[in-house]
Structure formats: structure tokens, C-alpha cells
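Trainee: Taken in order, these protein sequences are the chains called A and B.
The UniProt record's numbering applies: residue 1 is where the first sequence begins, and numbers increase by one.
The UniProt record's numbering applies: residue 1 is where the second sequence begins, and numbers increase by one.
Derived by calculation from the structure, the hints in this document are not laboratory data.
There may be inaccurate statements among the hints.
[Said to hold, decoys possible] Calculated lysine-lysine pairs in the DSBU-like style (CA-CA distance at most 30 Å, straight line): (1) B/Lys-48 - B/Lys-86; (2) B/Lys-40 - A/Lys-229; (3) A/Lys-176 - B/Lys-48; (4) A/Lys-229 - B/Lys-86; (5) B/Lys-86 - B/Lys-40.
[Said to hold, decoys possible] Partial chain A-side listing against chain B, Cβ under 10 Å, derived: (6) Gly-157; (7) Gly-158; (8) Glu-212.
Where is the CB? At the ideal position from N, CA and C, for every residue including glycine.
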Amino acid sequence: MPGVALLVFREVLEAALIVSIVCAATRGVRLRGLYVLGGIGLGLAGALLVALGAGFIAGLASGSGQELLNAGVLLAAVAMIGWHVVWMSRHARELAQHMSAVGQAVKAGSSSLTLLLAVIALAVLREGSEVVLFLYSMAMGGISAGGLIGGIALGVGGGVALGFALYFGLLRIPLKHFFGATNVMLVLLAAGLASTAARFLLQANRLPALGEQLWNTSWLLSNGSLAGKTLGILIGYDASPAGIQLVFYAVTLLLLIGGMRLAARPAAARREAPAAAIPQS
Amino acid sequence: MNRLALAAVLLLWSFAARATDVPEFHLAIQDHAYQPAELKVPAGTKVKLVIENRDASPEEFESTEFNREKIVLPNSTITVYVGPLKPGSYRFFGDFHQDTAQGRLIVE
């Protein structure tokens, strides 16, 4: 049972951290709970399908199907997070002007909420399919039903609890800085996901490494440790990254920050760009 | 235009040639343990690991030290590209049976 609890906990934690950041980023949006639950439900259904079709997926792309699916899912999530943060920056000015209550301000965020629902679904799908295969493996090995159910309950409970802890921690950020802070978290999350996608493509020999293991900080914080895994999700920490992972990380950061900057410029400046000499009030 | 096409073909060909040049090493999973438990591979070059799961249950080949993870379904085989790695000893394990499925990649 401890083995089951530990593995389930690790996978649930990864998904839970992503869900809690998304929840914080959509604070105050109407019907948010429904969207989040819908995303988790879709993700679970997808995870079952992926696990059932694991044999088929494994055979695709001359044996690289698993890596390509993982990379595709991760990059799709990156694109959706990117779209959301750029969209939010574009409307930040108008939101700030009409801001009388938070609820009203972020109501406008609901049109990019569907994207974040998809991010949740993809996160749950990726981690969930692994859990399903693991539980199947355990069941084959003749573990008792009690051990299996106890392990699942402990693992899911622990992972969800830490997700909630992060969420309530984020809520303590003062309102003035709140959406700035959650946007930064989303951008770092996206960069980390892009770096992981690069690692899967490297594993399938679809990308050049540009230097395997550029450095190694395992002695300080290993990828396998709880803190290492948590930082891996939150900011894309990797104890011994390949060069191509850094490229993906940096490109994602630059694209999202550049996109947010560009979108945040006032409409007049946007129209008359690049004549930047116009004095602004 | 023709020259460009020729260059593209040559480039593709060189990639294809390189892919077949990668040395191959074999691992098996049986009774939730790796065989051999220690695998020697050369340093400074990319290698192809071919991992066969002979058990009736799925396993996940994983290493946090050389950063790889891939599910191996029952009675099936996967390939994972690793490296180039510096000389040393790198731990890998079976994520679904960590108490028995432990191994090391000896890079020298």
C-alpha cells in the first residue's frame, strides 16, 4: 500500500499543482468551479482512453508514439497558457479602468477560461494515464483490494491537499499584485512544460540534444525528490538539463513575455506603432 | 532549386545514416527485475536502449539521473535514446516495482 500511495501521490501532485495555479489565475470568474470540474472529468476520461489505447499509441511513429503524444499534449498546454496570458494582458488596461470589484474585473476573463479548462484536462490526462497503467500493473501482481483502495485514497488525498495548500497560499497575495503574480506563475509553468516536451522529443531521437547534461545539480536537489518534482512543475527545474531543453524554455519565456508586452500597449499606440515618439498622458 | 533539393536529400540521408550508427544495448524486465542489473555503455556517444518486458504487467522504465521515462507494456519492447553521457554510474528503475526493479547504467 505505501508503494501505491507514493506513486499515486506523485502523479496527482503534478496535476494538482497545475490545477491550483489555473484556479488562482481565474479567481472570481463566474462558473469557474464548473469549468474546473469539467476539465478534471474530461482529463480522467482521456486518461482511461490513453491507458486503454497504450498498445496502439506505443506502436505509432515507429515506436515513438508515446513520446510524440506526451510532447504534443505538453506543447498544446503551453500554447493555451500562452494565449490566455497574452489575452489577459491585452485587457488588463480596460479591466483596471472599470475595476470596482474584483469579481467584475475578472468576469471578462471567462472567454479564455475554456482554454484553461483544456490545460487542466491535458494535465490530468497525462498524469492520469500513467496512474491507470500502474494500478493495472498492481492489480495483476495480486495486491489486496484494501491495499489498492487505501493507497489510492492516501495518494489522491495527499496530492489534492498540497494543491489546495498552494491555492490558499496564492490567495494571500495582495489583490494589487495578484494577477501579476499568477501570470508570472503561468508563464514559468508553460516554459517548464515546453522544456519537458523537448526532453520527450530528445528521448525519441527527434531533436538534437545540443549538449546532454549541461550541468548537474542533483547533489543539491534531485529530480526524483519531492521538492525537485514540485519545482520541476512550478518553474521547470531540472537537475541535469539538455541544451535543447534550455532552448525550448527560453523561447517560450521570450514569446510569452514579448506577447504580453505587445498586448499590454494601449490601443492608440498599437495603431500608430512603430511611431513611438508620441507623448503619452 | 535543384541544388536545394539535393542538399535536402543529402541532409536527410546523413540524418538517416546517423540514426543507424547509434549503438544498441539490450535490457530485459523479468519478474519485475532488470536483466542485466548493470549495463555497460560507452561514454560520450548517444546509445539506443532496447528494453523488453517479459512480464505480464506493465512497467515504466525510468531514470532521474539520465532523465528518461517510458512505459513498457506487457510482453513488448521499447526503445529509448540516451546520452551522450559523461563517465559514471547512473541509476535507473522500474517505476511500478521500485522494490525489485533496480539497475545501473555504467558509462565508461
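Trainee: Would you mind marking each hint as holding or not holding in the structure?
Mentor: Here is what the structure says about each hint:
1. B/Lys-48 - B/Lys-86: holds (16 Å)
2. B/Lys-40 - A/Lys-229: holds (28 Å)
3. A/Lys-176 - B/Lys-48: violated (52 Å)
4. A/Lys-229 - B/Lys-86: holds (24 Å)
5. B/Lys-86 - B/Lys-40: Holds: B/Lys-86 and B/Lys-40 sit about 13 Å apart, inside 30 Å.
6. Gly-157: Not OK, violated: A/Gly-157 not within 10 Å of chain B, min 21 Å.
7. Gly-158: Violated: closest Cβ of chain B sits about 18 Å from A/Gly-158, beyond 10 Å.
8. Glu-212: Hint on A/Glu-212: holds, closest Cβ of chain B at ~5 Å, below 10 Å.
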